[in-house]
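> Single-letter residue listing:
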Amino acid sequence: MATASPTISQTEEKSFLRDNWILLSVLGVTLILILYFYNQNAIVTTAVLAAALRQSTPLVLGAMCGILCERSGIVNIGIEGTMLLSAFVGFITSFLLQDALGPGAIWVGVVIGVLSGGLMGLLLAWMSVTLRMDQIIGGTVINILAVGLTGYFYQQGLTAGDKLRAIPLGPLADIPLIGRVFFDNPPLTYLTLLLIVLVHLLIYYTRWGLRTRAVGEHPRAADTVGVNVYKIRYVNVILGSCLAGLAGAYLTLEAVGSFERLMTNGRGFIALAVMLFGKRTPFGAWGAALLFGFATALNTQLQFADINIPHQFVGLLPFVLTILVVAGLVGRTRDPKALGTAYSKE
Amino acid sequence: MSEFALEVKNITKRFPGGVIANKDVNFALRKGEIHALLGENGAGKSTLMNVIYGLYAPEEGEIWVDGQKTEIDNPNDAIRKGIGMVHQHFMLVPVFTVAENIMLGAEELQGGRLDISSARKKIRELSRSYNLEVDPRAIVEDLPVGMQQRVEIVKALYRDAKILVLDEPTAVLTPQEADDLFIVMRELTERGVSIIFITHKLREVLAVADTITVMRRGEVVGTTSPEGKSESDLAAMMVGREVLLRVEKEEAHPAQTVLEVKDLTVHDERGLTAVKNISFDLKAGEILGIAGVQGNGQTELAEVLTGIRAPESGTIIIDGQKVPAGNPRYLFEHGMAHVPEDRHKHGLVLPYDLVENVALNTYYKPPFRKGLVRDEEAMLEATTDIIEAFDVRTSGPFSQASNLSGGNQQKVIVGRELSRPIQFLVVNQPTRGLDVGSIEFIHRRIIEERDKGVAVLLISAELDEILGLADRILVMFHGELVAEMPVAKANKEKLGLLMAGSEA
Chain A
1 MATASPTISQ TEEKSFLRDN WILLSVLGVT LILILYFYNQ NAIVTTAVLA AALRQSTPLV
61 LGAMCGILCE RSGIVNIGIE GTMLLSAFVG FITSFLLQDA LGPGAIWVGV VIGVLSGGLM
121 GLLLAWMSVT LRMDQIIGGT VINILAVGLT GYFYQQGLTA GDKLRAIPLG PLADIPLIGR
181 VFFDNPPLTY LTLLLIVLVH LLIYYTRWGL RTRAVGEHPR AADTVGVNVY KIRYVNVILG
241 SCLAGLAGAY LTLEAVGSFE RLMTNGRGFI ALAVMLFGKR TPFGAWGAAL LFGFATALNT
301 QLQFADINIP HQFVGLLPFV LTILVVAGLV GRTRDPKALG TAYSKE
Chain B
1001 MSEFALEVKN ITKRFPGGVI ANKDVNFALR KGEIHALLGE NGAGKSTLMN VIYGLYAPEE
1061 GEIWVDGQKT EIDNPNDAIR KGIGMVHQHF MLVPVFTVAE NIMLGAEELQ GGRLDISSAR
1121 KKIRELSRSY NLEVDPRAIV EDLPVGMQQR VEIVKALYRD AKILVLDEPT AVLTPQEADD
1181 LFIVMRELTE RGVSIIFITH KLREVLAVAD TITVMRRGEV VGTTSPEGKS ESDLAAMMVG
1241 REVLLRVEKE EAHPAQTVLE VKDLTVHDER GLTAVKNISF DLKAGEILGI AGVQGNGQTE
1301 LAEVLTGIRA PESGTIIIDG QKVPAGNPRY LFEHGMAHVP EDRHKHGLVL PYDLVENVAL
1361 NTYYKPPFRK GLVRDEEAML EATTDIIEAF DVRTSGPFSQ ASNLSGGNQQ KVIVGRELSR
1421 PIQFLVVNQP TRGLDVGSIE FIHRRIIEER DKGVAVLLIS AELDEILGLA DRILVMFHGE
1481 LVAEMPVAKA NKEKLGLLMA GSEA
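Protein sequence lines correspond, in order, to chains A and B. Residues 1 to 346 (our numbering) are what the first sequence spells out, left to right. Residues 1001 to 1504 (our numbering) are what the second sequence spells out, left to right.
It is worth saying that the hints were derived from the structure and are not from the lab. Only true hints are included.
Under the rule of at most 20 Å between Cα atoms (straight-line distance), these lysine to aspartate or glutamate pairs were calculated in the EDC-like manner:
id : chain 1 : residue 1 : chain 2 : residue 2
1  : A       : 231       : B       : 1077
2  : B       : 1365      : B       : 1377
3  : A       : 337       : B       : 1141
4  : A       : 337       : B       : 1269
5  : A       : 231       : B       : 1107
6  : B       : 1069      : B       : 1059
Cβ-Cβ distance ranges computed for the label pairs, FRET-style:
id : chain 1 : residue 1 : chain 2 : residue 2 : range
7  : B       : 1328      : A       : 326       : 29 to 35 Å
8  : A       : 323       : B       : 1077      : 46 to 52 Å
9  : B       : 1269      : A       : 323       : 23 to 29 Å
10 : A       : 96        : B       : 1269      : 54 to 60 Å
11 : A       : 262       : B       : 1377      : 54 to 60 Å
Every residue, glycine too, gets a C-beta built ideally from N, C-alpha and C.
Chain A extracted, bound-state conformation:
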């Protein structure tokens, strides 16, 4: 066509350096700061960073739940409730089975926790895909359901026999700083790091991922080339909710070792901010989760230090960040076009 314009872009071959210079310079500055503080006080720096990673684990899992759901076009604000319910179910399972199974009970608890998350996902998918309910209402139903159920069945004073312990990865764990932070963690933390890579590959390099993104952007286009929109959405919401379930299991079975009322404490909502901040990419979410985790870890550490800032102010940081991100002041991204809208064939 004569009038065809020359706006053909070589999008897939832009220079990584040129596109990501902000990211790279932030990373550089961060690295320098870490080394500086490590030089000043090695023990505290290592402790803060290790705690940051641990704190980031449930956040990045929750955020990846959000990523899988939203990339396929479903808003999931029920991550908080899913986490809470799975934390409870995982813990109770492991508690009830500990006499019969011994240490294996914890792993059964993890699996059941994950599956209970998947069940919540099935509920949300049914409400938002099949019933075409408002997705915000659907998520709220899950949040209220989880608070109600866990509160009703909660018994005070139950503690599990044990929780998942750190597994140092041989000589890797002995590397200064890095070893303590990355290679001396309990199993679900390792699993989470692996899942970040897997979800990244799933979204960008597989047929499933391509179809998921298409369904989130333009479900009718996907439908006309024979992609089953409903199936894609169901499976993504269930898979994502399994990850949120894993985050719940992490809280009771790896981080704390017992269940407390409302123990998720807003992590499911912060995970949504983490997801947005990370531009709905797994690695972006991981970076954002580390930042939030770092703020929490700093808060804990400052309580021991002799500094004249009330630690509560630092404790506010994750929530202030959440507000800024959700209000679109930081790291705003384009939403998937079909986000939040139910698809109907005709």
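We have chain A already, so just place chain B on it with the hints.
Here is chain B on its own, set in the frame of chain A:
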């Protein structure tokens, strides 16, 4: 081997509620031909294509592909039988690359991973052999509309389509782009692809089709070759009576200036400049046509002139008085009427009934107000008058606006706007998607208003409409007015070039 690529035999499709969308339809597509399917909106063309593409299941009838009876239950079946469809609204994911869009649903894998490089290679081969240049790495939303359409065609060829259905493919194109598309269509048929070309534009049918099938009210009224046929012959077949294709109008008698626009600059939602520093004026008793391909700032211009959007800078003067920014009611009260581009978004409240829609912009004052409450009787009376005067086909004034066909919805809007005393009328794409009969009617009403001394601003992407109605023409390109001319000096080629941005 059969001489027909596709045959449709005695198809009947009923919708719930008893509407018969296709009644005993027979249709045969010869191999390697361009077969135009012509008909007004609601004639059943789209229903028939959806049956062929497996989106609707017909109650009766058979589909034969290449001489063999086949069952097509879903789009996958159709794709497997070599049927490809280019929808009127492109089925492309805007943020994906061309290659990702084309491979979606027909992905090639290598060890579980998407094999995008082999897809790119196959796309390049297709581009070369069909002379359809596309860049597999380009992002679709960066591409001009004509190029996106080409991506859709390649997408069908990628799936080995032998039968290509093009649904109103020229609706979004400039005349030059449309001519290019016709060349592509010829190339495709020479390489053995058979094409069904759905349209309601008579000129294009005569220009490109080998065979023409005309549908009316769900039935095939005839199949003919274009030889010896004129546009009015086809129009008569489509509508079932003689139709005036040329609007008859007298010389305009422009009087005093009603609207003055000075140095107007407007931003769109994304904050980008959509209208750049334009100035013009509009006189009573003339129709000023604004020609341009969609998306060149006409939408934003119309929104500012009707008070829906506030301008970035510049002034609008009506009757010598500066108009406050973004205040539709001020404009209504100063005699402005608006037939908006998107009748569903800005023209009607679809879940409301006609009575409520008719009262929509003057509900707050008499005659529609009586004391503190609405005067339902006056509203009903006004609606009944409009239904009668504007020939709105509806089950009654209390039927929901969403239940009307596009043409009748538009008549309700035009009726509402023209039933008030007005001095300034903005009509934006007034006949988009309407059938020949409704177009004729609405055009006549617009001319009547002009002759009553109303200043009319007509925005349209249809050159026939601009040339037929306007007395004076402005051409908009990339937010700027690039040309002005009286209609006597304008023709399709000249406007087409200006709309595409070249200096004519």
